[in-house]
Each structure stands twice: as structure tokens, then as C-alpha cells.
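*Asks:* Here's the letter readout for the chains.
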Amino acid sequence: MTTVNAANTYIVPTTNREVTAPSQPCFLTWLTADESNATGDGTVATVGAISGFTDVYDQNNDFSGTSFTAPVTGRYFLNAHVLLVSAAAATSLITTLVTSNRNYTTLSCNVNIINNLGCSGVSFQTNVIADMDAADTAYYTIVATGIGADTAQIRRGTTQPNTFFSGKLIV
Amino acid sequence: MKQICNQGFKVSNQDRKALDHYLDIEPKEWSQNALNGMINKSVKTILKDWLNKFKAQAETVPANLSQLLPAIVNMEGFKPYNREWGDLIKAKRKQAKDTEIWSGGFQIEEWQEIALNAYYTDYEQDLYNLMENKIACRKNAFEKEHEAKLLADPEVSELPKDQDDLIDLITSKPHYKNRKQRELEEIN
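Sequences listed follow chains A and B, in order. Okay, so the first sequence: first residue is -1 according to our numbering, each after it adds one. Okay, so the second sequence: first residue is 3 according to our numbering, each after it adds one.
It should be emphasised that the hints constitute simulated quantities derived from the structure, not laboratory data. Misleading hints may appear alongside valid ones.
As the list claims (entries may be wrong) - Residues of chain A clear of chain B, computed beta-carbon distances all greater than 12 Å: (1) 12; (2) 30; (3) 31; (4) 35; (5) 70; (6) 96; (7) 100; (8) 108; (9) 123; (10) 126; (11) 144; (12) 146; (13) 155.
What the hints assert, rightly or not - PhoX-like mimics (lysine-lysine), calculated; alpha carbons at most 25 Å apart, straight line: (14) B:12 - B:81; (15) B:81 - B:92; (16) B:163 - B:99; (17) A:166 - B:99; (18) B:4 - B:55; (19) B:4 - A:166.
Nothing here was measured: the structure is a model prediction, and the numbers come from that model. Backbone N, C-alpha and C define an ideal beta-carbon position, used for all residues, glycine too.
The whole structure should be built from the sequences, with the hints applied where relevant.
*Replies:* Printed below as a string of C-alpha cells:
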């Protein structure tokens, strides 16, 4: 059995009774390459602005460049993760998941403490079920201050994603 | 390049206040982002569905979208999608729409228009409808957000019955701040 409208097969129960939704907005995208000299001196870096993202999947074709565009008004689970390296001298880091209706911000001060523990970088993750109207957009930014120059790098990850963005329509 | 949505878009005073309560960008930039999303969706969907079929037919496959997209759309057997944005709503308003928020429209490349026409029934009307839907959604959200606050306020004896009246009431309060003003205050 499948459930269809004029354009799509949108609910597909499998022979083993799982239910899939091939047209449901759902994406996972991974930074295409390391982004060097992204921030450090107060520059707000939009994650993906330098190298772009590579889709792992984008099953309703809603992600492009650095942004997800909501195809319908609803509640969207969004998950953004970023790894910043060469940020040992940073005195503060702010990440923001920017959506059209509001921003979701994390703030970390005294990053030196984290780096003095021997970590090679600092990672941040933001999760939210966001209210988005049709055609609203969402993207992720990071700003480091205190380094003195924009020398911090957003790390892609070679075999495992370090910086990625995913989301799906919940209701 | 082609200029689209030349008629611009006008909103009422209360429409603008509701948008400014939530948006930290200008409505024209919001619409430009929406248009970018529409172009992306058209292009990605067409490539996902038709590129392999095109490869099977064509002698050569152009490596740039400005040539590839028109070639796919013109290939034998290609069917337009005729999509429309569903479930969009219209704003309730008492006053005339007399404030221009995006005069002049937007510019798109010729191949982008080919992609949009192949995917949407009327992409220009969709862009107008999306802006109208955005206003309606934000006015409804504004009403919901502030009605709850008014109900909890012992000094308020009566709720405005009309959405536009409620927006005027809230935004005329001396300490009211829209999103840009709130964020500026937070930074300072």
C-alpha cells in the first residue's frame, strides 16, 4: 500500500511494516571543506559561506548554499554542529542558529580554559524545534573574539563530520 | 537577467509592525531568500529526477547550470511539475495596503526562470502569496503572543477584538521594541 496525492508518493509502508516518507522535508549536510581564517577578531562567520555544504541527503530539496528554506509553515527540528580550531586565544565564542523569526544563541567565555585542557578545538551544538513559516530560512553562524585576527578555522572533519547541519519537519 | 514581480508589494501599517516584531531583515531580503529557495528547489528537483534520463539521451552533458537546465527542460519527454505552494493563508487587515516593502522586484538569470517555470505553475504569484502568508503568520503569532500577556496583566480590563487594534495597542506602548530594537539593546 502507498498513500499518494497528484504529485508524490508520500507515505510508503514497507513489506516489513516500517513506514517511510520519501517527500518529507529532511536533510543532513556536511561542510564541504575546512574554512580557514573564518573568524577570531569579531567577524561573524556564516558556516558554509566559504566552502559550501555537501548534502548527505536532502530528500525534499530544501537546502542550498548555507541555508535551509522551509517548504511549508510548521515546526522543524534543527540541529547544527560546528568545530572551531586554532581558537586557543579566543576570549569568547558565540554561535547562533539564525531563523527568520528568531535566533538561538550559545555563548562561551574564557575559551582558553577549554584549550588549556589539551583540546584541539571547541565544538558547539544547537538543537531546537523551531517555528518556521513557509519560505523562512535557517543558517548557522559563529563569531570568535579575542584572537586579534580572523585566524580560527571551521573544521570539516575528514572521515567523520565535525561541522554539519540537519533538520526535519516535525509537525 | 530578467526583472520579476515588478508590481512590488504593499502592506498596511499593522502588517509592517507585525513583520518588524519578528524579522531582523527587511521584507525585501526575506522575499529574496524565499526566491532563492524556490530557485534551489526547482533546480535540485529537476536534476534529481531528470539528469540521468538526459544523460541517456544526450551526446554531451554541459557542466554548467545555465546550459544544462534549459537542455533538460527542452529534452523529449520532460514534463513540467506545475507545483504550487500549498496551505498558504491571507492576512486579516482593516487598513489599506499603502506602504511599499519591495518596489522594483527582483532579478533572476534566464536559466533560473526556465527552472522556475518548469517547476511552478506561476512562480511570481507564489512569491506574492508567500509574502502575504508570512504577514498572516506573523500577525497571528503576534496576537497569540500578546493576548497571553494581556490576559495575565491585572491592569488590562478588555482585550481588543480586532487583530490590527491589538497590534496598534501593543506597539504604541512606551517601552515597546521591535526585534531589531530588542537585539540592539541586547548587544549594548
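*Asks:* Please go over all the hints and tell whether each is borne out by the structure.
*Replies:* How the hints compare with the structure:
Under the 12 Å C-beta cut-off, the non-interface status given to residue 12 of chain A relative to chain B holds; the minimum distance is some 22 Å. Listed as a non-interface residue, residue 30 of chain A keeps its Cβ farther than 12 Å from every Cβ of chain B; the least gap is roughly 16 Å. Distance check for residue 31 of chain A against chain B: the nearest CB is about 20 Å away, which clears 12 Å, and the non-interface claim stands. The non-interface label for residue 35 of chain A is consistent with chain B: the shortest C-beta to C-beta separation is roughly 24 Å, beyond 12 Å.
Its beta-carbon lying about 6 Å from the closest one in chain B, residue 70 of chain A breaks the requirement of being farther than 12 Å from that chain. Look at residue 96 of chain A: its CB is around 8 Å from the nearest CB on chain B, not clear of 12 Å, so calling it non-interface is violated. With 12 Å as the threshold on Cβ separation, the claim that residue 100 of chain A sits away from chain B is violated: the shortest Cβ distance comes to roughly 7 Å. For residue 108 of chain A, the shortest C-beta to C-beta distance to chain B comes to about 20 Å, beyond the 12 Å cut-off, and the non-interface label holds.
At roughly 22 Å, the least C-beta separation between residue 123 of chain A and chain B is larger than 12 Å, which holds for a residue marked as non-interface. With a closest Cβ-Cβ approach of about 16 Å to chain B, residue 126 of chain A is found to remain outside the 12 Å limit, as its non-interface label requires. For residue 144 of chain A, the non-interface assignment is confirmed: its Cβ lies about 17 Å from the closest Cβ of chain B, beyond the 12 Å cut-off. For residue 146 of chain A, the condition that its CB be more than 12 Å from all CB atoms of chain B holds, with the nearest at approximately 21 Å.
Every beta carbon of chain B lies more than 12 Å from that of residue 155 of chain A, the smallest distance being close to 24 Å; the non-interface claim holds. This hinted pair does not check out: residue 12 of chain B and residue 81 of chain B have alpha carbons roughly 35 Å apart, beyond 25 Å. Between the alpha carbons of residue 81 of chain B and residue 92 of chain B the distance comes to roughly 31 Å, so the proposed pair goes past 25 Å and is violated. Note on residue 163 of chain B and residue 99 of chain B: the hinted pairing holds, with a Cα-Cα distance of about 21 Å set against a maximum of 25 Å.
A distance of roughly 35 Å separates the Cα atoms of residue 166 of chain A and residue 99 of chain B; the hinted pair therefore is violated under the 25 Å criterion. Restraint check for residue 4 of chain B and residue 55 of chain B: the C-alpha separation of about 29 Å exceeds 25 Å, so the hint is violated. Annotation: proposed proximity of residue 4 of chain B to residue 166 of chain A is violated, straight-line Cα distance about 33 Å (limit 25 Å).
The structure shown violates the earlier hints numbered 5, 6, 7, 14, 15, 17, 18 and 19.
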